[in-house]
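**Q** Sequence:
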Amino acid sequence: MTDTSAVTVTDRAADRINQILAGDPDGGTMLRVSVMGGGCSGFQYGFDIEADKQDDDLVIERNGATVLIDQISLMYLSGSEIDFVDDLIGASFQIKNPNATASCGCGTSFSI
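Take 1 as the starting number for the sequence shown in UniProt numbering and just add one per residue.
Keep in mind that the hints were calculated from the coordinates and are not lab data. Glycine included, each C-beta is placed from N, C-alpha and C at the ideal position. Careful, some of the hints might be misleading.
[To be verified] FRET-style restraints, in silico, Cβ to Cβ: (1) GLY42 - ASP11: 28 to 34 Å; (2) VAL85 - ASP55: 29 to 35 Å; (3) ASP48 - PRO25: 28 to 34 Å; (4) THR101 - ALA22: 34 to 40 Å.
Using the sequences and the hints given, assemble the complete structure.
**A** Structure representation (structure tokens):
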């Protein structure tokens, strides 16, 4: 699946993904972003490195970086922006999710 209008990846996030995956000697790895039950607000984001994509994954390619999102997670992430922020508090991937009605202070869990 290649519909990239549902979720966007910023240049900063793509650059950081490329830096992280540059350490893979075999190449071909991708970042999987997912939504799981849990966290202090009900749902939490997951970030995993994977070598294989599933047939129904949303595949987003930006500046040489590839992000995978499964169809169930996409229901919760539709319209979101994946960014990478490096500030005084620390460096992390952040998801600006228009579907979230509340989120926790750490930014990794949310509710709908």
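**Q** Give a verdict on every hint.
**A** Results for each hint:
1. Taking 28 to 34 Å as the suggested C-beta distance range, the pair GLY42 and ASP11 conforms, at roughly 31 Å.
2. The hinted window of 29 to 35 Å between VAL85 and ASP55 holds, with their beta carbons roughly 32 Å apart.
3. Distance hint for ASP48 and PRO25: a CB-CB separation of about 18 Å, inconsistent with the stated range 28 to 34 Å.
4. As the Cβ distance of THR101 to ALA22 is approximately 37 Å, the hint placing it in 34 to 40 Å holds.
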